[in-house]
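Given chain A, put chain B in place with the hints provided.
For the protein sequence lines, the chains are A and B, in the order given. The first sequence runs 353 to 685 under the numbering used here. The second sequence runs 353 to 685 under the numbering used here.
Everything labelled a hint here was simulated from the structure, so no lab data went into it. Any given hint might turn out to be false.
Same chains, same names: a pair is fine if it fits in one copy or spans any two.
Claimed, not checked - Straight-line C-alpha distance at most 20 Å; calculated DMTMM-like pairs for lysine to aspartate or glutamate:
#: 1; residue 1: Lys620; residue 2: Glu493
#: 2; residue 1: Lys620; residue 2: Glu461
#: 3; residue 1: Lys608; residue 2: Glu378
#: 4; residue 1: Lys589; residue 2: Glu676
#: 5; residue 1: Lys608; residue 2: Asp657
#: 6; residue 1: Lys620; residue 2: Asp631
#: 7; residue 1: Lys589; residue 2: Glu567
#: 8; residue 1: Lys610; residue 2: Glu442
#: 9; residue 1: Lys589; residue 2: Glu656
#: 10; residue 1: Lys589; residue 2: Asp613
#: 11; residue 1: Lys610; residue 2: Asp657
#: 12; residue 1: Lys620; residue 2: Glu384
#: 13; residue 1: Lys620; residue 2: Asp467
#: 14; residue 1: Lys608; residue 2: Glu371
#: 15; residue 1: Lys620; residue 2: Glu633
#: 16; residue 1: Lys620; residue 2: Asp583
#: 17; residue 1: Lys589; residue 2: Asp631
Note that the structure is predicted; figures quoted are calculated from it, not measured.
Now for the letters of each chain:
2 protein chains.
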Amino acid sequence: MPETNERVVLSRPLQGIPEPGDFRVETAPVPEPGPGQLLVRHQFISLDPYQRAAMAGRHLSGRTPLGAGDMPPAEAVGQVVRSRHPDFPEGAYVRHFGGWQAWALSDGERTHRVDADAAPLSTYLGILGMPGLTAWGSIIELAGVQPGQVVLVSAALGPVGSMVGQLAMWRGATAIGIAGSEAKCAILTGELGFARAVNYRAPGWLGALAAAAPEGVDIYHDNVGGQMLADAFTVLKLHGQVILCGLMERYNDPAKSKPLDLALPILKRAVMKGLVVTDFEDRRDHFVATVAPLVRAGRIRYREDRVEGLAGAGELFSRLMRGENVGKALVVV
Amino acid sequence: MPETNERVVLSRPLQGIPEPGDFRVETAPVPEPGPGQLLVRHQFISLDPYQRAAMAGRHLSGRTPLGAGDMPPAEAVGQVVRSRHPDFPEGAYVRHFGGWQAWALSDGERTHRVDADAAPLSTYLGILGMPGLTAWGSIIELAGVQPGQVVLVSAALGPVGSMVGQLAMWRGATAIGIAGSEAKCAILTGELGFARAVNYRAPGWLGALAAAAPEGVDIYHDNVGGQMLADAFTVLKLHGQVILCGLMERYNDPAKSKPLDLALPILKRAVMKGLVVTDFEDRRDHFVATVAPLVRAGRIRYREDRVEGLAGAGELFSRLMRGENVGKALVVV
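In isolation and in its complexed conformation, chain A is listed as follows (with noise of 0.2 Å):
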């Protein structure tokens, strides 16, 4: 075992979209569990929208502001390699909120075993995580997806987004992916198997998104808010429905942020319904069970956009924040 443990803190506190000067690398002693502690050593580091919130103290995870020296939230999944607490045995893999760091210590709380034999590793912290159970929240749980309707998914080749879609698929409906980049759009119609995706950076977005949607839209799973969603609501059905999950658009400057016209749910009739994702945690068995064998066969897919060592944390986080990454963005510690 190293004697000195990395972690990732912010060297200022952020303003609007972080930059990878925002972020060092400092070093401090492998911490020694303590009475029902136990320490992981992180293989994955997950890298998330909302962590931006919650360094601003914005969310649900983080009301407090980061400053200086402050480390960020964040999801890892890791090998127990010491433990005092009767539930994880040493060599078990574990996911928790460990934090921008190589070690972590533990008492237990929001702490899984994950089984690194079902799927791989990394996927406990995409597709089958966190990410993964909101899509299958929204698309199974709160919209009931039914075979022959339409779904649309913004931040479409993220992990939540390509969840939605490919749930969405395997329940016989049709998914629409919404991304930012013609390369996106081509994974997305590509690899996973959407049958159309539109690039919202391009001239007469909103064009191609009538066109990619000419009977309309059933379901649409919402990341972003802002613009986006208001653009979204062009091609909702009468009667459709919106997932409220994500609000991408202003993790980064809340003061730019584009709040909803009423006006067009009550024209639409819409039925929209806000989403946290901890609201399903006894659903989280079900789902890995159900999906894991998916994702084995190769019926869902996904991407990754990986970073090796923490001292490239701070630039994966700061393309995430610019929509720049393609697909769940991991550190690889």
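Leaving out everything else, chain B in the frame of chain A:
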């Protein structure tokens, strides 16, 4: 039959809250019905907040702003005096979109017979009319209120709000009303039987709202939008429902409107449903047949704010759009 018709027209395009001087009465000949038409002598003309948006060209019922000399739209009830339409014999009572005038032609479109014996004629513009059907669509059809639930409604003494609360109570729920004066609140908790009522114009109103709903609210019927909707979220239970029905807050001046912060429905895991009353047209007969006996029996009550004669229509509409009316706003012709 008189030879002249009276009607109210705009004396100038509206700016902000309407003033009595924005309207003038003019005369015209009483028209003769052509083939397939009927002539209706209005007895009551309905004034409703949506008409303000229609006058500005911002409503489904009117997409072109009205200018000087244009007559505002309105539903009215009255008697068929001449008929060249097979479905509407002379002497029958009808409701139709006849506008702010004493006499109006109809070609049968959106014209319906009403039973003047089943309930007072004026109620077909209020609690048994479009506002009442709106409440039925909201609280019975969309929200599916259950016994023991708590229902909160804004503009609670208006025809929609008072019916929302009373239908909720009829179904065994608890009704809490929001209104703009202590006098209105006293009517709500007295004559109309609401469990509690809160004056949103009183200092410390958010505290009063919280005190009025200590267990939280299962269903909020929103007639207002804007800050009122945001305030209602403070007492909404997790997974509570919000029926989005009206945008009073913006009808006078959309530039001052406060759109919805999407974090509110997400954090409350709210289910929000947009309502347009025309969707419930096929439920109207069932609604009237069910509720008219309750009205006759005094189990469902209502207030009307009447003005005699078309010359007073502008003043009543101005009070309505300032929220100073007490009950359903009606012009008695």
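Which hint numbers does the structure go against, in order from smallest to largest? 2, 3, 4, 5, 8, 9, 11, 12, 13
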